[in-house]
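K.L.:
What follows is each chain in one-letter form.
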Amino acid sequence: MSESSYQQYLGTLFEAGTDTIDQSQKSAILLECFRFLHQHHYANCEEYQRITSLSQVKFERYEDLPFLAVRLFKFYELKSVPQAEVFKTLSSSGTTGQTPARIFLDKQTSARQSKVLVNIMQSFIGKQRLPMLIIDSPAVLKNPTLSARGAGIQGMAFFGRDHTYALNVDMSLNVDAITQFSEKHQGKPVLLFGFTFMVWLHFIQALQQRNLQLPFTDGVLIHSGGWKKLTEQQVSNQVFKETLKEVTCIAKVHNFYGMAEQVGSVFVECEKGHLHAPPFADILIRNPYTLEPQSNGEQGLIQVLSVIPTSYPGFSLLTEDIGKMLGEDDCECGRAGRYFVVEGRLPKTEIRGCSDTVRSTDG
Amino acid sequence: MDNNAKIKQVFCHALGIQPEQVTDDLTYNTIEQWDSTAHMILVAELEDSFDVMLDTDDIIDMSTVGKAKEILAKYDVQF
Chain A
1 MSESSYQQYL GTLFEAGTDT IDQSQKSAIL LECFRFLHQH HYANCEEYQR ITSLSQVKFE
61 RYEDLPFLAV RLFKFYELKS VPQAEVFKTL SSSGTTGQTP ARIFLDKQTS ARQSKVLVNI
121 MQSFIGKQRL PMLIIDSPAV LKNPTLSARG AGIQGMAFFG RDHTYALNVD MSLNVDAITQ
181 FSEKHQGKPV LLFGFTFMVW LHFIQALQQR NLQLPFTDGV LIHSGGWKKL TEQQVSNQVF
241 KETLKEVTCI AKVHNFYGMA EQVGSVFVEC EKGHLHAPPF ADILIRNPYT LEPQSNGEQG
301 LIQVLSVIPT SYPGFSLLTE DIGKMLGEDD CECGRAGRYF VVEGRLPKTE IRGCSDTVRS
361 TDG
Chain B
1 MDNNAKIKQV FCHALGIQPE QVTDDLTYNT IEQWDSTAHM ILVAELEDSF DVMLDTDDII
61 DMSTVGKAKE ILAKYDVQF
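From first to last, the protein sequence lines are chains A and B. For the record, in the first sequence the residue sitting at position 185 is 185 according to full-length UniProt numbering, with numbers rising by one throughout. For the record, in the second sequence the residue sitting at position 38 is 38 according to full-length UniProt numbering, with numbers rising by one throughout.
So here's chain A without its partners, still in its complex pose (with noise of 0.2 Å):
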């Protein structure tokens, strides 16, 4: 397949929107777009090459389709593109003591990334740009290489409008900047966006703490990044949203899970609670042992594939998250496509293998 059908799949999947397209056809076209991704990348990267010249051809099916590793991406420079392409390079926030993910992106896959991203979020919050509040220190975008969070909070004001950050820079609740937002949206549709578990520590257990309630009835919070220090806390996904609704308000609210390593391609909690699948992105689930994949409401390995990245090899990466596929275009919230939840990570590994400890300097 050429590229310039590549891009016309992509064209298809943004007309349809996130409602419409079912799983078959959906499967269809994100097969058409997957084994493009994995010739260009094939001819592009040679490490990808190495790592992939012993899948088959012919991929069928999802299951086919050669996958990643996602930590690969912390020890090698995985690159589809000539360096002077790369425009921006965006490092995860890694594990403390261990080397970030280091993603390389060319103009194009940058711009597709915003465009996937617009078109995920606007089918859970409209068009419309809304006062937003940022839960974060507008210290986040000051770092001169972009942190993952950064990025996520630079693509997510693309929603926004008169944004304003909620917190100071030692992560303190700066009280006047919420206090005027408030006064002037009250009662307004506002859009709130922060990471799940500073949402939770330095906005809603800050709130609680100073008594302060806001009052954000038509307001949405978004938020990601994980559950895992919010699941060691016992705080689970249902006291999350209720406590949220106490000190703000705010009864909508969208977790959405994604990875750095696939920034665009987010995966949206529905009103129902489930994440979706967008019309861009795919989920598999793997047997963590035999990487079979696995049926329905079986635990696994979350596979996460997505059409956007042609600059580096991600369109097929094994992640460290485990969950369940919960269903397919049968959502009671309306929309097509799979559905899925994530049940945690697998337990950290530490590297001590003279293998894993060595540098290595080539594949």
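Keep in mind the hints are simulated off the structure, nothing from the lab. Hints may contain errors.
[Said to hold, decoys possible] Straight-line distance between alpha carbons at most 20 Å, and here's what the computed SDA-like set of lysine to any residue pairs gives: (1) A/LYS127 to B/LYS74; (2) B/LYS6 to B/SER49; (3) A/LYS107 to B/VAL10; (4) B/LYS67 to A/PHE158; (5) A/LYS115 to B/SER63; (6) A/LYS142 to B/THR37; (7) A/LYS228 to A/GLU242; (8) A/LYS115 to B/THR64; (9) A/LYS107 to B/ASP25; (10) A/LYS127 to B/SER63; (11) A/LYS88 to B/ILE60; (12) A/LYS142 to B/LYS67; (13) A/LYS107 to B/SER36; (14) A/LYS115 to B/ASN29; (15) A/LYS229 to A/ARG345; (16) A/LYS107 to B/VAL65; (17) B/LYS6 to B/GLU20; (18) B/LYS74 to B/ASN29; (19) A/LYS107 to B/ILE31; (20) A/LYS88 to A/LEU141; (21) B/LYS67 to B/ASN3; (22) A/LYS107 to A/THR89; (23) A/LYS115 to B/VAL65.
Note that the structure is predicted; figures quoted are calculated from it, not measured.
We have chain A already, so just place chain B on it with the hints.
P.N.:
Showing chain B alone in chain A's frame:
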């Protein structure tokens, strides 16, 4: 001031560039001054100057100065 002069002024002010740089072909992300952070400032200033409310599709499509004029034209701003 006519709208062409006005949009030129907005681009210069929002992006911190010289008037002669503002041509219809000037493209997002091709100069360091017009990155995604500056884009949000630009959008806010266009909205203020022309008294319009742009939606998310508009600001994603606004990839050149020429495109910005087309988008503003949808909101009855004449060029």
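K.L.:
With reference to the structure, classify each hint as holding or not holding.
P.N.:
Quick rundown of the hints versus the structure:
1. A/LYS127 to B/LYS74: holds, 16 Å
2. B/LYS6 to B/SER49: holds, 8 Å
3. A/LYS107 to B/VAL10: violated, 24 Å
4. B/LYS67 to A/PHE158: holds, 17 Å
5. A/LYS115 to B/SER63: holds, 12 Å
6. A/LYS142 to B/THR37: The hint holds at about 11 Å.
7. A/LYS228 to A/GLU242: holds, 19 Å
8. A/LYS115 to B/THR64: holds, 15 Å
9. A/LYS107 to B/ASP25: holds, 16 Å
10. A/LYS127 to B/SER63: Holds, because 18 Å separates the two Cα atoms, which is no more than 20 Å.
11. A/LYS88 to B/ILE60: Roughly 18 Å separates the two Cα atoms, so the pair holds.
12. A/LYS142 to B/LYS67: violated, 29 Å
13. A/LYS107 to B/SER36: holds, 12 Å
14. A/LYS115 to B/ASN29: Satisfied, since the Cα-Cα distance of roughly 15 Å is no more than 20 Å.
15. A/LYS229 to A/ARG345: holds, 11 Å
16. A/LYS107 to B/VAL65: Holds: A/LYS107 and B/VAL65 sit about 18 Å apart, inside 20 Å.
17. B/LYS6 to B/GLU20: With Cα atoms ~14 Å apart, B/LYS6 and B/GLU20 stay inside 20 Å; holds.
18. B/LYS74 to B/ASN29: violated, 24 Å
19. A/LYS107 to B/ILE31: Holds, at about 12 Å.
20. A/LYS88 to A/LEU141: holds, 14 Å
21. B/LYS67 to B/ASN3: Holds, at roughly 14 Å.
22. A/LYS107 to A/THR89: Given that 20 Å is the threshold and the Cα spacing comes to 11 Å, the pair holds.
23. A/LYS115 to B/VAL65: Within the cut-off at roughly 18 Å; holds.
When each numbered hint is compared with the structure, violations occur for hints 3, 12, 18.
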